[in-house]
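**Q** If you want the building blocks of each chain, they are given just below.
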Amino acid sequence: MQDNYKTERKGWIAAVAGLTMPGMGQIYNGELIKGLSILTIYVMTFVTGLSLTVHLPDKYLMFGVFLTLAATMAVYVISISEAYRKSAGTGAGYSLKQYNRWYIYVAIWMIGSLLVTGFAYSHTRENVIQLFKIPAEGMQPEIMKGDRVIADKTAYKRMPPHKGDIVIFVYPDDRSKYFIRRIAGLPGDNMQLADGKQYTVPHGMVFVLGDDPGKSVDSRTFGPVSLRDMIAKVRQIYYSVGPDGVRWNRIGLTLNRPQ
Amino acid sequence: MKKFEPSRDFVSRVMRDIHAYEKTQIGSTSIFASLVSFRTMRLAMSAGGLLLGIANLIRLYLSVFSPVLCR
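Protein chains in written order, with my numbering: chain A, 1 to 259; chain B, 1 to 71.
Hints listed in this document are in silico derivations from the structure and should not be mistaken for laboratory results. Be a bit skeptical, because a hint or two may be false.
To be verified - Far from chain B by the CB rule (all over 10 Å, computed), these chain A residues:
(1) Leu50
(2) Glu82
(3) Arg85
(4) Arg125
(5) Pro135
(6) Val149
(7) Pro161
(8) Gly164
(9) Pro213
(10) Asp244
(11) Val246
Claimed, not checked - Only part of the chain A face toward chain B is listed, based on derived beta-carbon distances under 7 Å:
(12) Thr20
(13) Ala136
(14) Lys153
Stated by the list, open to error - To spell it out: a stretch of chain A is covered by chain B in this simulated footprint if at least three of its residues, at any positions, have a beta carbon under 8 Å from a beta carbon of chain B; those stretches are:
(15) 26-36
(16) 203-210
Note that the Cβ used here is the ideal one computed from N, Cα and C, for glycine as well.
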């Protein structure tokens, strides 16, 4: 019955709706499936892009992250533009659909923008890629105070840890903090400590050391770290700022050179 | 040709359906139509959409570029 009600779709409303969420402009235009498909493409571009990025060689990691963000934003902008153009062509002959109601728009926005994209964002942060800022000097000269690094959270789901890897782990003495150190000993390795004592790394643990032993709190202090507490492998510096400003020569440096 | 005279019951049912239909149309368009009929509301809606759009882009950016401290 309602489908016989003729009205028009306004271009500016379609564009505003598209701004609130990718695909919402199409839903306003009466293209529910297309709108939901655009939202799916938007989310998948982001999640798949970052998931594929971690498979790139270290030196292209930063490029992959930027490309993914650019592609995701492009889907957003194109969806707004498409909704605007499509609504301009409908004239006054648009038949209202059952879902052309403000409260249904709000419901779709809450599910799509808050739940779906929110879940996608947190999923990638928790499971795929996360960025870290280094305020300490324990890993100098490889990682300087003020460096910002890209860490791969899928690394140790895909491969075992290696000696020389720079890793981020939960600090055993305060589990709210993250530490960055280099793996110096794998399970079963015999470590020669500074005091001359022999130490065998237990099963399921790794021995981590800072590159600057004088400034580093590491496994010499808090003991070996559980493999379960290792959250990411550090792969590239994406930004670096020191007392004299941005250190352009450090941006893009790859890590994990053999020790 | 014999003239068609609808029964009272038929007319009543048709009118009831028409009223019901009109009621749904008024209900569905009144809020939105009244909103967009004022220039201020149109501007407010545009500004709100723009703000949400900017917020979405910032949220997308921060979902990646909000580094966590790591000592």
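**Q** With reference to the structure, classify each hint as holding or not holding.
**A** Consistency of the hints with the structure:
1. Leu50: Non-interface label fails for A:Leu50: nearest chain B Cβ at 8 Å, not farther than 10 Å.
2. Glu82: A:Glu82 is indeed farther than 10 Å from all Cβ atoms of chain B, at 15 Å.
3. Arg85: It holds; A:Arg85 is separated from chain B by about 17 Å at its closest Cβ, greater than 10 Å.
4. Arg125: 6 Å, violated
5. Pro135: Non-interface label on A:Pro135 violated, nearest chain B Cβ at 6 Å vs cutoff 10 Å.
6. Val149: With a cut-off of 10 Å, A:Val149 comes too close to chain B, as the shortest Cβ separation is near 8 Å.
7. Pro161: 17 Å, holds
8. Gly164: 18 Å, holds
9. Pro213: 15 Å, holds
10. Asp244: 20 Å, holds
11. Val246: Consistent with the label, A:Val246 stays out of reach of chain B, its closest Cβ about 15 Å off (over 10 Å).
12. Thr20: Check passed: Cβ of A:Thr20 comes within 4 Å of chain B, closer than 7 Å.
13. Ala136: Hint holds; A:Ala136 Cβ to chain B Cβ min 4 Å, cut 7 Å.
14. Lys153: 12 Å, violated
15. 26-36: Violated: only 0 residues of the region 26-36 of chain A have a Cβ under 8 Å from chain B.
16. 203-210: violated (count 0)
The structure is inconsistent with the numbered hints 1, 4, 5, 6, 14, 15, 16, although it conforms to all the rest.
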